[in-house]
Structure formats: structure tokens, C-alpha cells
Amino acid sequence: MPAFARRGERRFALALFLPAFLLLVATTTLPLVYLVWSSTQRMDLSMPWMSGFAGLENYAQLGGDARFWSSLWLTFVYTGATVVLQVAIGLGLALLVLQIRFAQGVLRIGAILPIVLAPVVAGLFWRSLVLAPDFGIMDFITRALGLGSYNWLGDPQLALVSVIAIHTWQWTPFAFLVLLASLAALPPDLYEAARLDRAGPWQRFRHITLPMIRPAIVIVVILRMVTALSAFAAIFAATGGGPGSATEILNLYAYRLSFTELNIGYGSAVATVLLFLTLSVAFLLFALRRAR
Amino acid sequence: MIRRATLLVLSLLIVLVWVFPVAWGLLTSFKTERDVLAYPPQVVFEPTLVNYQDVFVGGASIVPNLVSSLVVSGFTTALTMLFAIPAAYALARLDLPWKRAGGFWVLATQMLPPVGLVIPYFLLLRQVGWTDTYQGLVLVYLTFALPFAIWLLVSYFEEIPREMEEAALLDRAGRLRTLWHVILPQAKGGIAVTIIFVFLNSWNEFLFAVVLGGNTVRPVTVAMFNFISLEQTQWGRLAAAAMVGMAPVIILGLLAQKHIVKGLTVGAVKGGGRR
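Going down the list, the protein sequences come from chains A and B. Mapped onto this note's numbering, the consecutive letters of the first sequence carry residue numbers 212 to 503. Mapped onto this note's numbering, the consecutive letters of the second sequence carry residue numbers 113 to 387.
Calculated from the structure, these hints are not laboratory results. Bear in mind the structure is a predicted one, so any value in this text is a computation, not a measurement. A few of these clues could be false.
[As the list claims (entries may be wrong)] Here are the simulated SDA-like pairs of lysine to any residue, each with C-alpha atoms no more than 25 Å apart in a straight line:
{"id": "1", "chain 1": "B", "residue 1": "Lys211", "chain 2": "A", "residue 2": "Phe223"}
{"id": "2", "chain 1": "B", "residue 1": "Lys211", "chain 2": "B", "residue 2": "Met193"}
{"id": "3", "chain 1": "B", "residue 1": "Lys211", "chain 2": "A", "residue 2": "Leu229"}
{"id": "4", "chain 1": "B", "residue 1": "Lys211", "chain 2": "B", "residue 2": "Lys374"}
{"id": "5", "chain 1": "B", "residue 1": "Lys370", "chain 2": "A", "residue 2": "Leu490"}
{"id": "6", "chain 1": "B", "residue 1": "Lys374", "chain 2": "B", "residue 2": "Arg212"}
{"id": "7", "chain 1": "B", "residue 1": "Lys300", "chain 2": "B", "residue 2": "Gly286"}
{"id": "8", "chain 1": "B", "residue 1": "Lys370", "chain 2": "A", "residue 2": "Leu229"}
{"id": "9", "chain 1": "B", "residue 1": "Lys211", "chain 2": "A", "residue 2": "Ile433"}
{"id": "10", "chain 1": "B", "residue 1": "Lys374", "chain 2": "A", "residue 2": "Phe223"}
{"id": "11", "chain 1": "B", "residue 1": "Lys211", "chain 2": "A", "residue 2": "Ser491"}
{"id": "12", "chain 1": "B", "residue 1": "Lys374", "chain 2": "B", "residue 2": "Met193"}
{"id": "13", "chain 1": "B", "residue 1": "Lys374", "chain 2": "A", "residue 2": "Leu490"}
{"id": "14", "chain 1": "B", "residue 1": "Lys374", "chain 2": "B", "residue 2": "Gly286"}
{"id": "15", "chain 1": "B", "residue 1": "Lys374", "chain 2": "A", "residue 2": "Ala498"}
[Unchecked claim] Some residues of chain B that are not near chain A, with every Cβ distance over 12 Å (derived):
{"id": "16", "residue": "Leu161"}
{"id": "17", "residue": "Val162"}
{"id": "18", "residue": "Phe168"}
{"id": "19", "residue": "Gly171"}
{"id": "20", "residue": "Ala199"}
{"id": "21", "residue": "Leu229"}
{"id": "22", "residue": "Asp244"}
{"id": "23", "residue": "Glu275"}
{"id": "24", "residue": "Gly301"}
{"id": "25", "residue": "Ile307"}
{"id": "26", "residue": "Leu366"}
From the three backbone atoms N, C-alpha and C, an ideal C-beta is built for every residue, glycine too.
Generate coordinates for the entire structure from the input sequences, incorporating the hints supplied.
In C-alpha cells:
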């Protein structure tokens with residue numbers, strides 16, 4: 212391509228890309244800069260006369276805030292548990308139905324429902340129809356099985372289990388669909404060779420399937436981490452972060468600090484911590500993209 | 113044979129688990145409050161339309177909320193496509209300076225935790241008087257819709273054979289005309305899928321809507337909470353509202369069913385022939 216044409220293309224490319232780029236800078240980057248700035252402010256809407264520059268005071272306060280550390284821990288537990296469960300169940304399911312076309316079809320359609328549902332509705336459905344203590348289905352099942360009655364969203368530990376279950380319910384179909392797609396794309400002759408070599412099913416999985424679909428698993432893990440790290444609506448609807456702060460992951464804590472307790476400066480500091488946590492996951496993803 | 117049957121039953125069970133909460137919600141939406149609270153839970157009952165009547169024309173009508181959702185999601189989708197299509201084309205096909213950095217940056221904005229954005233927007237929109245306005249909410253929705261749409265479109269643009277546009281350019285069709293007359297018709301399917309997903313994500317959004325909306329702009333995801341109060345929850349009406357509110361996304365999801373894997377892994381998988 213001649214030099215003038217290349218220059219022309221570059222100019223054209225910039226003209227197409229810049230409007231979206233500038234809009235994104237204005238709508239995401241600038242507000243985030245503002246977030247970091249407000250995290251250095253004493254900004255309590257219930258005590259506006261106290262407002263002013265606080266430096267790193269909010270961050271220093273985080274160090275001694277037991278609720279923050281418990282919330283950070285819950286974020287790790289929530290993210291870790293949901294991601295592991297989704298990948299394990301999704302992969303297991305995909306392997307199970309790989310050979311059966313009809314079952315695949317049924318599962319593919321069934322998988323759509325949880326995925327397209329608004330998380331807030333998923334949280335409400337589970338809260339009201341499944342986990343409610345007096346008339347919920349879960350209670351009916353455990354009682355029918357003679358396991359007794361449980362307060363799924365009222366007991367601190369069970370509440371955490373419940374919100375993890377809701378998230379897993381909603382997003383396992385995603386892991387299933389992606390992993391099934393990548394399993395279905397594997398060349399069948401690989402298995403023929405392995406079968407001739409008398410490799411057992413476990414060996415075939417361990418030494419052929421798993422290495423081949425590792426890239427897909429990595430993608431699923433990272434995308435699921437990002438979703439789990441920004442989870443809000445389902446927990447908000449199911450438990451509101453409670454009982455107490457039993458299901459209060461960082462998102463919920465930053466929300467409650469800012470909009471329930473109106474302590475926006477401190478809430479900004481918590482949100483900033485979360486921001487950097489998420490950005491490091493994004494960097495991880497990009498490093499992997501580049502590696503391939 | 114037995115193994116196949118077991119697998120079939122097992123997968124049907126899983127589908128049951130996936131479908132169950134929604135199916136049960138559907139049943140509940142036809143129950144009177146008394147039937148909802150009955151123990152053991154009732155599968156056979158006398159169905160009533162009173163919940164739907166209330167949700168549509170009664171005092172608890174969510175029709176204004178459906179309108180809010182429609183306006184916010186519609187404008188978000190239109191604006192997003194207007195900016196995303198050219199940007200995605202530049203990223204996918206043209207010699208864009210700093211392409212890698214630009215691409216990463218768009219991808220990173222897609223992953224931002226919404227709670228980190230809702231706090232500054234709460235302060236900023238209050239200053240300009242844009243809380244509880246359509247323009248305010250649409251502006252905020254662009255933060256997740258635009259990067260998502262750009263990346264999804266990139267993967268579709270990469271699939272179009274290069275020869276098409278090269279031929280058009282040799283014919284001395286201008287670059288803009290090539291984009292308009294050659295690329296866009298080719299990417300029609302991908303654009304339609306992107307529109308569906310952007311609309312779906314905007315429709316389902318909750319956090320921005322609950323913090324930055326209000327009495328004038330109150331999308332249907334927020335309106336569900338109208339039926340929950342400290343004294344009592346109107347389960348039947350809540351279920352009916354949820355059914356009505358989610359019907360559009362369920363239909364859209366089924367329409368875009370074949371493309372859902374792509375829509376979900378956007379940005380993570382390099383598009384097109386390069387696997």
C-alpha cells in the first residue's frame with residue numbers, strides 16, 4: 212500500500228475510533244478519577260459540615276475496620292466458591308451430554324433462562340419462592356426428606372451458602388455452554404487414537420481433553436471472576452447483605468456505606484479497593500490474550 | 113442403553129433446576145395470596161388473573177416502569193450502536209494507531225465494578241440536576257453498553273472476508289461508502305445480535321437504576337420492590353410483575369439463543385477464523 216493511502220487509512224481509522232474513545236473517557240475514566248478523589252475526602256452527607264480533605268485518612272481507617280476485612284474475605288470466598296462450582300458443574304455436565312444430541316439440545320434451551328434473567332429477579336425469585344422459610348419449596352423438600360426446617364436466608368452461614376447457590380444457579384449455564392462448545396470442537400480422531408492405545412476414560416480426559424480445552428477453561432474462569440466481583444443485584448434482592456453483614460461482599464459494603472449510611476468518602480475508598488482488584492483481573496485476561 | 117437413559121434423566125433434572133424458579137414464579141403469578149402461602153406448596157389450585165390485572169391496570173401498575181425501561185434501554189442501545197459500529201470497524205479492520213492499547217482499554221472499561229461508577233455518578237449527576245432523568249441514566253448505561261458492543265462487533269467484523277472491502281476500495285468507492293455499502297450489510301446478523309444483547313443488558317440493569325433513578329425514571333427492575341414492604345410482601349403480584357418485566361428478555365434470549373456463547377465470551381476469544 213502506498214504511503215499516502217496508509218496515512219489516509221490511519222486518519223480514517225482515528226476518525227471512526229475517536230468519538231467512542233472520547234465518550235468512554237468522559238463516561239468511565241473521568242468518573243473513576245473522581246471516585247479516587249472522593250476517597251480522599253471526608254464526605255458524610257449526614258454531617259455535611261464535617262466535609263473536607265482527608266488525605267489517606269479513609270484508607271488508614273480501612274486497616275482497623277473489621278467489617279471491611281470480613282467483607283474482603285467474603286468477596287474472596289464468594290468469588291472463589293462460585294467460580295469453582297460453576298466450572299466444575301459446567302464441565303461435568305458438558306462431558307456428560309457430549310455424546311447425546313437430544314440432551315444437548317434440551318440443556319442448551321434450558322440454559323438460556325437463568326442467563327437472561329435479571330440478577331435482581333433471580334434474587335427475588337429465590338428469596339420468595341424457593342428459600343422462604345414458611346412456604347418455600349426448599350423448606351418443603353428438606354422437611355419431606357426428614358432433614359428439618361432451615362432459615363436459609365436468616366442464618367448467617369446458610370445465607371452465605373444461599374447467595375453462593377443463587378449465583379451458581381444463574382451462571383453455571385454460561386460455563387456449560389462455553390465449555391460444551393469448545394468440547395464439541397475437538398477433533399474426534401484424537402480419541403480414536405487414544406482408544407486404540409487402550410487409554411481409559413479418565414486417562415483420556417486427563418491427558419487429551421483437559422489440555423485441549425484449557426484455554427476455554429481459563430477464559431471461563433476469568434470472565435466468571437469478573438462477574439462475581441461485580442455481583443450486586445441478586446444478593447441485594449435476596450439478603451441485602453445481611454443478616455448483619457453475613458453476605459456483605461465489597462460491592463454491598465461500598466453501597467451500604469455510601470447510600471445507606473451516607474458516608475460517601477469512606478464508601479469511595481472501599482470502592483477504590485474493589486476497582487483495583489477488578490483491574491488486576493482485567494490485566495490477567497489481557498496478558499492471556501497476548502500470550503496466545 | 114441404560115447409560116443413555118440415565119444421562120437423559122439426569123440432564124432433564126438439571127434443566128428442571130434451571131427452569132424451576134421461573135416456572136414456579138409463573139405458577140405463583142396465577143395464585144391468590146392465600147394459595148401462595150399454603151403449606152404444603154400447591155401445584156393444583158384455582159388460577160386467577162387478579163395479579164396481572166393489578167400489575168397492568170391496578171393501583172400497583174408497572175406500566176410506567178415498563179415505559180421507563182423501554183425508553184432508557186432503547187436510547188442506550190441506539191446511542192451505543194451509533195458510536196460502537198465505527199469504533200469496532202476501526203479496531204477490527206483498519207490500521208489504527210495504538211490499536212492494542214486502545215483495545216485493551218476498551219476491554220478494561222467493560223470490566224469495571226459498577227459500584228465504583230455509581231458513587232461518582234451519584235455526586236456528579238446531583239450537581240448538574242440529572243438524577244432521576246432519562247439523559248442521566250442513559251449516560252451511565254453507556255459505561256457498560258459501549259465497551260461490550262464494541263468488542264462483540266469486533267468479533268463479527270473480523271469474520272467478514274477481506275476481499276470484499278479490498279475489491280470495493282479498488283473500485284475507488286470511498287472508505288465511508290465501503291463501510292456503509294459493503295461492510296454493514298455483511299455484518300447485519302452480528303449487528304442484530306449486538307443490539308439484542310445491549311438492549312437485554314440495559315433492561316436487566318439494577319444498581320444504576322436504583323441509585324440514580326427516582327420517581328420519574330424507575331425501570332421495571334427497581335419497581336419489583338414496590339411489592340415488598342416491611343409489613344407484608346405481595347408475593348402473587350411480585351411474581352406477576354416479574355413475569356411481565358422479564359418476558360421481553362426471555363423472548364430476546366430465545367431469539368438470540370445460537371449466539372449466546374459469543375455474546376457471553378465477548379473480548380476473551382479472538383474472533384473469527386483465528387481460533
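Holds or violated: Lys374(B) and Ala498(A), Cα atoms, limit 25 Å. Holds, because 21 Å separates the two Cα atoms, which is no more than 25 Å.
Margin query: Run the distance test for Lys370(B) versus Leu229(A): straight-line Cα separation, threshold 25 Å.
Written below: violated, 32 Å
What's the verdict on Lys211(B) and Met193(B), does the C-alpha distance respect the 25 Å limit or exceed it?
Measuring from Cα to Cα gives roughly 20 Å; hence the hint holds.
Beyond 12 Å on every Cβ pair: is that true for Val162(B) relative to chain A?
holds, 18 Å
*Given hint Phe223(A) paired with Lys374(B) - CA-CA distance at most 25 Å*: With a Cα-Cα distance of about 28 Å, the restraint between Lys374(B) and Phe223(A) is violated, given a limit of 25 Å.
Legend entry - Beyond 12 Å from every chain A Cβ - status for Gly301(B): holds, 18 Å
TODO: Would you assess whether Ile307(B), listed as outside the interface, keeps its beta-carbon beyond 12 Å of every beta-carbon in chain A?
DONE: holds, 15 Å
Check your understanding: Taken at face value, is the distance from the CA of Gly286(B) to the CA of Lys300(B) at most 25 Å?
Key -> holds, 20 Å
- Message: Checking one constraint from the list: CA of Lys211(B) to CA of Ile433(A), max 25 Å. Satisfied?
- Response: Between Lys211(B) and Ile433(A) the Cα gap is close to 23 Å, so the pair holds against 25 Å.
Would the pair Lys374(B) and Gly286(B) pass a check requiring their Cα atoms to be no farther apart than 25 Å? Given that 25 Å is the threshold and the Cα spacing comes to 31 Å, the pair is violated.
task = Could you grab the alpha-carbon distance between Lys211(B) and Ser491(A) and see if it respects the 25 Å cut-off?
result = holds, 21 Å
Status of Leu366(B), Cβ more than 12 Å from any chain A Cβ | violated, 6 Å
Of the numbered hints given earlier, the model fails hints 5, 8, 10, 14, 20, 21 and 26; all others are met.
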